[in-house]
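K.L.:
The primary structure of each chain is shown beneath.
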Amino acid sequence: MSKVRKLEEAVAMIPDGAVLMIGGFMGVGTPPHLIDELLRQGKRDLTVIANDTARPTVGIGRLVSAKAVRKVIASHIGTNSETQRQMIAGETTVELVPQGTLAERVRAGGFGLGGVLTPTGVGTVVEDGKQRIELDGTVYLLERALKADFALIAAKRADYLGNLEYALTARNFNPLMAMAAETVIAEAEDIVPVGVIPPDSVVTPNVLVDCLVAKEHRHG
Amino acid sequence: MDEKTLIAKRVALELRPGNLVNLGIGLPTMVAAHLPAGVNVFFQSENGIIGMAPVPEPGAENDDLSDAGGSPIGAVPGAASFDSAMSFGLIRGGHLDVTVLGGLQIDEEGRLANWMVPGKMVPGMGGAMDLVSGAKRVIVAMQHSAKGTPKIVKRCELPLTSVRRVDLIVTELAVIEPTDKGLVLREVAPGVTVADVLAQTGAELIVPSAVPTMPVGA
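Chains as they are written, first to last, in the UniProt record's numbering: chain Y, 1 to 220; chain R, 1 to 218.
Hints listed in this document are in silico derivations from the structure and should not be mistaken for laboratory results.
Accuracy of the hints is not assured; some may be wrong.
What the hints assert, rightly or not - Distance ranges between label pairs, derived from CB positions:
1) R:Val184 / Y:Val192: 38 to 48 Å
2) R:Glu3 / Y:Ala66: 22 to 32 Å
3) Y:Val125 / R:Gly26: 33 to 43 Å
Claimed, not checked - With a straight-line Cα cutoff of 30 Å, these simulated BS3-like cross-link-like pairs (lysine-lysine) come out:
4) Y:Lys71 / Y:Lys147
5) Y:Lys130 / Y:Lys71
6) R:Lys136 / R:Lys4
7) Y:Lys130 / R:Lys154
8) Y:Lys71 / R:Lys147
9) Y:Lys130 / R:Lys136
10) Y:Lys67 / R:Lys120
11) R:Lys4 / Y:Lys130
Heads up, the beta-carbon is just placed ideally off N, CA and C, and yes, glycines get one too.
Let's have the full structure, built from the sequences with the hints guiding it.
P.N.:
Put into structure tokens, the structure is as follows:
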């Protein structure tokens, strides 16, 4: 059974106020047409969990520039002056999380864990409000799992069942986020017949993907 | 030789064949161009690759292959790509031999602040906190002072990146090693005196009886 949906229909499932995980690192590995369609449908009050907000005209930065985002949970906003402006003006809430901790919080969310213990951030402002746990002489912070309503994933190749393959550094947070959301919408550069992607090359197994949109609209 | 090239050349002497190395954005990135002959290392980029290299030639950029700043890169034969959890597992799990990072301040305990200036610049820590907490060796490559204000200080006023003591500080004036006794002046740059270094440092430096000159050629 094919999971391919029209772009408009896939994005129409996302209500205003939804919590989204969006793959990508400075726009590389961020699903471009899903971002376009979120903007076209005028979504509002989104919470975005992502590594960064890229630049004002790139990837997730476009959602910030359109004032579609109420809250950002990210590791880095330094390349996006608009995110910083909105944060300082109090228009958007920004929670900064160390990048490795963000990856592990998303992973924990998808892997059925309540959180993780990490030494990163001990003794810094990142520790504020968090529980310290000492194990065998090392101090860790308890960092809670993150989950989302929707994950928006960019893949290099998908089959019609939703098995996903990624390319190079465009993989980044995508496979982790595909585990951690209630509904997973994946945009693939290519959608190929079932069986074309060898099992060893599948990074995200099809059962995780609810809905597929093609990057190129060559199938109408 | 300009100051940044001098710093990059001196840091490059710290790398050993086969090391897995992560270079921060800016000055640390320049280290890659100054590896001594015969020293082959693997460069990690925290967005998910070991074996990053320059783009082989103009026009050979790949939309799916970039560094942590989003700029196009290449990859050496034998490179490996992976997701962000693996990338930071490598960093935090003790598999990364060396990280080279820039710095805003370092204090007498060797603690680094390099991710924000309250009220002025709040870019976020990105991978810096994990890199400083987890790498086997942390080298800070930075200019000795910022517009005349020492960056090596008694106690950091800026928010810390980690409480872990960094292993080495390389500036255009000196090489300084943070130890449990304090900051030890290990080398001075060519043409620089110990007095020059002391005058531009805001923290106490331990000065051994002999302080050699940095072994960097012209």
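K.L.:
Does the structure break any of the earlier hints, and which numbers would those be?
P.N.:
1, 2, 3, 8 and 11
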